[in-house]
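There are 2 protein chains.
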Amino acid sequence: MAKKKRSRSESSSGTPAAVLTPRDKKTINTLITLADEIVEAADKKKDPHLDIPARTLTNVKYNNTARIIEMGKGTNRRQLFNLTQAKAYMQTLLVAEGTKRLLDQGKTTSIRGLYYLLKHTIEGTKEETFDDQADCDPIIEDLEVTLTTLREELHVYASNRGAMVGPLTLTDSGDEIDCSRMGSGGYSIPSIVEADVIQFGSHRAEFILHVEKDTVWRRFNEDKFWRKHNCILIHGGGQPPRGVRRLLSRMHNELTYRGQKLPVFCLLDNDPWGYYIYSVLKQGSINLAYESKRMAIPDARYIGLRSKDFEECKLTPSVQIRLNEQDIKRAKQIAGYPWFAKKKEWQREIKQMLDNGFKLEVESLISKDISYVTETYVPERLKAQDWLGD
Amino acid sequence: MAKKKRSRSESSSGTPAAVLTPRDKKTINTLITLADEIVEAADKKKDPHLDIPARTLTNVKYNNTARIIEMGKGTNRRQLFNLTQAKAYMQTLLVAEGTKRLLDQGKTTSIRGLYYLLKHTIEGTKEETFDDQADCDPIIEDLEVTLTTLREELHVYASNRGAMVGPLTLTDSGDEIDCSRMGSGGYSIPSIVEADVIQFGSHRAEFILHVEKDTVWRRFNEDKFWRKHNCILIHGGGQPPRGVRRLLSRMHNELTYRGQKLPVFCLLDNDPWGYYIYSVLKQGSINLAYESKRMAIPDARYIGLRSKDFEECKLTPSVQIRLNEQDIKRAKQIAGYPWFAKKKEWQREIKQMLDNGFKLEVESLISKDISYVTETYVPERLKAQDWLGD
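These protein sequence lines are chains A and B, in that order. Reading the first sequence from the start, the letters are residues 316 to 705 in this note's numbering. Reading the second sequence from the start, the letters are residues 316 to 705 in this note's numbering.
Just so you know, the hints here were simulated from the structure itself, not pulled from any lab data. Only a predicted model underlies this, so the values are computations on that prediction, with no experimental measurement involved. C-beta atoms are modelled at their ideal positions from N, C-alpha and C, and glycine is treated no differently. Heads up, a few of these hints could be off.
Stated by the list, open to error - With a cut-off of at most 25 angstroms between alpha-carbon atoms, the simulated DSS-like pairs for lysine-lysine come out as follows:
#1 B:Lys539 x B:Lys608
#2 A:Lys623 x A:Lys666
#3 A:Lys441 x B:Lys647
#4 A:Lys422 x B:Lys623
#5 B:Lys647 x B:Lys658
#6 B:Lys683 x B:Lys543
#7 A:Lys543 x B:Lys623
#8 B:Lys644 x A:Lys422
#9 B:Lys683 x A:Lys441
#10 A:Lys539 x B:Lys340
#11 A:Lys629 x B:Lys543
#12 A:Lys388 x A:Lys376
#13 A:Lys658 x A:Lys647
#14 B:Lys576 x B:Lys341
#15 A:Lys658 x A:Lys608
#16 A:Lys658 x A:Lys683
#17 B:Lys576 x B:Lys666
#18 B:Lys608 x B:Lys666
#19 B:Lys422 x A:Lys683
#20 B:Lys402 x A:Lys683
#21 B:Lys402 x B:Lys361
#22 A:Lys539 x B:Lys657
#23 B:Lys360 x A:Lys422
#24 A:Lys402 x B:Lys683
#25 B:Lys666 x B:Lys623
#26 A:Lys422 x B:Lys539
#27 B:Lys340 x A:Lys629
#28 A:Lys340 x B:Lys698
#29 B:Lys623 x A:Lys683
#30 A:Lys340 x A:Lys402
#31 B:Lys360 x B:Lys402
#32 A:Lys543 x A:Lys376
#33 B:Lys340 x B:Lys441
Stated by the list, open to error - To give an idea of the chain A side of the interface with chain B (calculated C-beta under 7 angstroms), a few residues:
#34 Ser425
#35 Thr436
#36 Glu509
#37 Gly574
#38 Lys629
#39 Ser633
#40 Arg637
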């Protein structure tokens with residue numbers, strides 16, 4: 316496999332080759348470079364190997380300047396001529412070859428699709444290339460970190476979840492989308508939202524409101540909150556998938572209001588899970604630390620629910636949900652995350668939840684009034700600038 | 316609470332009352348009738364009670380003419396002056412009152428929202444109206460069957476999942492949607508798709524292709540299958556939620572091609588779960604039998620994967636997934652469903668899967684070629700009219 320300059324790739328199956336985007340060309344080149352290094356090693360009679368950045372807690376650190384979680388420089392060597400590493404080595408090359416094929420054909424697939432694309436019995440043996448999906452998934456992540464490329468760039472996508480409405484137009488795969496006229500379901504956020512797929516048009520938004528669940532999103536959409544408050548309203552169906560995180564990050568960084576980056580407010584549950592979602596949105600996740608740079612939003616603000624809200628909003632005790640052992644353990648873990656550990660207000664917030672002994676869902680505000688959250692809670696907090704996280 | 320003719324409802328909270336749709340008015344009237352009957356009983360010094368249709372297997376039957384699952388006439392009486400029934404009785408009225416409030420305000424909520432709306436400590440006691448969500452959900456279903464109304468008509472919605480593309484325009488909540496220009500994510504199907512929310516515009520579709528998973532849907536969308544074959548492409552993210560089922564049923568019954576109802580083809584996995592999804596789409600589900608009339612599509616066709624496909628498509632043994640005990644049990648159960656029990660071709664289909672000893676996912680076709688399913692499998696089956704289920 317030699318490096319070539321070209322804008323059309325050759326298809327092995329004889330079907331017309333795909334037109335490659337500049338991003339695709341770049342990704343293909345990193346894959347070719349990987350292959351070339353192996354050929355080179357073989358030519359020099361050296362043992363072929365791959366140095367794969369370690370995706371472990373010890374190889375992850377918080378960058379105080381960038382305010383995101385980053386991977387360290389630790390790597391693990393994966394060798395072909397090593398009985399315990401040979402299979403993983405070959406699997407890694409197999410995944411690399413499969414993603415190159417996808418890129419060449421201009422097609423994308425899911426991790427399930429890639430697994431089926433590569434799964435076969437190795438000729439002359441009874442050995443399967445992959446025994447099951449769980450065998451393939453970490454190899455995909457290995458390749459991502461090794462090439463410092465996103466799986467979306469390798470044409471492998473995650474599930475798409477999440478929707479968006481607001482005063483924003485965009486182009487998605489050539490279709491012009493007016494996010495203020497998308498019906499009750501909103502614009503469905505795809506998994507791949509890079510600039511060659513989605514281009515932003517004009518917008519009149521003053522901020523972005525991210526809510527945790529589609530049911531809460533629906534309340535805000537039904538009450539036309541985004542019209543009254545000129546904002547983009549988005550949800551990620553729980554823990555936001557990569558597409559939603561990347562889109563949030565792109566909108567925050569590429570769209571402006573009064574010359575500033577478009578602020579992002581997160582309306583999440585007052586529980587360890589809500590804190591965790593905020594933490595991932597803000598500084599990235601430990602498991603996918605290599606993606607933080609493109610996905611984390613260090614300036615994201617947490618606008619609720621808060622541990623003080625049971626008293627401040629005069630909620631009925633009926634809405635309290637007792638913390639279980641797992642919750643308490645998770646809360647303490649999160650309080651120890653580098654960014655949170657340094658913020659007095661967050662230490663207070665988490666401590667107060669533990670003292671309360673209960674958690675609160677955003678939906679608990681319905682006990683006040685079905686539209687309390689859209690008509691009172693969020694508008695008042697915005698006006699009072701009462702949020703956490705700057 | 317007396318019956319009144321009105322098109323605006325009074326709001327208890329002093330906020331402007333909502334404009335009611337004809338459907339809302341009808342639903343409110345059934346709720347008022349329910350309440351009136353209780354007042355009447357009380358006036359006559361009779362014990363108030365509700366007769367709730369039984370949602371049990373024994374009260375469900377297959378209607379050979381309509382070819383759908385229907386509820387029988389069995390009911391369970393729920394009385395106020397009965398120690399074991401009093402709480403459920405009051406919960407039922409509480410849910411009825413809550414949904415009336417939603418209708419009056421012109422607002423909708425999730426089952427979680429309704430739970431929070433109604434959850435409180437009963438004055439002067441330590442008793443909660445509902446201990447948890449699981450306490451509230453069956454009461455919502457009770458009310459649905461008692462009033463023969465859908466939860467969506469009571470302004471309570473399920474989660475929205477599922478997307479659609481194709482040569483079809485529609486109006487959703489006043490927004491005109493062109494389903495052929497919705498970007499890579501497609502039109503996001505809301506939970507409530509009744510005629511006052513969604514009105515169909517023009518279409519050029521010849522059939523509807525329903526696929527099980529969003530990942531498969533994406534393959535079809537990326538390959539522009541719906542353009543080449545003039546069809547509406549839809550998925551329900553696994554077991555299709557109520558919104559998707561109802562929309563499929565509406566499109567099948569309200570849109571035509573060459574004077575016939577728009578045919579529905581289902582591309583599902585060759586496993587008991589795929590068979591079950593087909594069965595629910597076709598004849599309704601046992602648990603929600605009272606909804607069959609509005610959701611089931613007796614003419615829906617099963618276009619794959621089939622038990623014969625391992626050989627017919629010459630697939631590699633690597634893609635076989637061994638049936639487990641649960642699969643075998645489920646397959647035998649489904650073979651016994653009234654409709655399936657009478658169809659020789661389905662008995663053969665299920666028997667062959669059991670004989671094979673393995674199941675096949677639609678994605679297994681990727682082992683042939685990434686676009687085999689869109690370019691070969693489905694087109695060939697359509698041309699040969701090789702499907703199950705007429």
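Hint check results:
no., hint, verdict
1, B:Lys539 x B:Lys608, "33 angstroms, violated"
2, A:Lys623 x A:Lys666, "11 angstroms, holds"
3, A:Lys441 x B:Lys647, "32 angstroms, violated"
4, A:Lys422 x B:Lys623, "28 angstroms, violated"
5, B:Lys647 x B:Lys658, "14 angstroms, holds"
6, B:Lys683 x B:Lys543, "21 angstroms, holds"
7, A:Lys543 x B:Lys623, "57 angstroms, violated"
8, B:Lys644 x A:Lys422, "38 angstroms, violated"
9, B:Lys683 x A:Lys441, "20 angstroms, holds"
10, A:Lys539 x B:Lys340, "23 angstroms, holds"
11, A:Lys629 x B:Lys543, "59 angstroms, violated"
12, A:Lys388 x A:Lys376, "10 angstroms, holds"
13, A:Lys658 x A:Lys647, "14 angstroms, holds"
14, B:Lys576 x B:Lys341, "28 angstroms, violated"
15, A:Lys658 x A:Lys608, "22 angstroms, holds"
16, A:Lys658 x A:Lys683, "31 angstroms, violated"
17, B:Lys576 x B:Lys666, "32 angstroms, violated"
18, B:Lys608 x B:Lys666, "30 angstroms, violated"
19, B:Lys422 x A:Lys683, "15 angstroms, holds"
20, B:Lys402 x A:Lys683, "24 angstroms, holds"
21, B:Lys402 x B:Lys361, "18 angstroms, holds"
22, A:Lys539 x B:Lys657, "51 angstroms, violated"
23, B:Lys360 x A:Lys422, "72 angstroms, violated"
24, A:Lys402 x B:Lys683, "24 angstroms, holds"
25, B:Lys666 x B:Lys623, "11 angstroms, holds"
26, A:Lys422 x B:Lys539, "12 angstroms, holds"
27, B:Lys340 x A:Lys629, "34 angstroms, violated"
28, A:Lys340 x B:Lys698, "38 angstroms, violated"
29, B:Lys623 x A:Lys683, "58 angstroms, violated"
30, A:Lys340 x A:Lys402, "29 angstroms, violated"
31, B:Lys360 x B:Lys402, "20 angstroms, holds"
32, A:Lys543 x A:Lys376, "41 angstroms, violated"
33, B:Lys340 x B:Lys441, "37 angstroms, violated"
34, Ser425, "4 angstroms, holds"
35, Thr436, "6 angstroms, holds"
36, Glu509, "11 angstroms, violated"
37, Gly574, "29 angstroms, violated"
38, Lys629, "13 angstroms, violated"
39, Ser633, "5 angstroms, holds"
40, Arg637, "11 angstroms, violated"
Consistency note: the structure conflicts with the earlier hints numbered 1, 3, 4, 7, 8, 11, 14, 16, 17, 18, 22, 23, 27, 28, 29, 30, 32, 33, 36, 37, 38 and 40.
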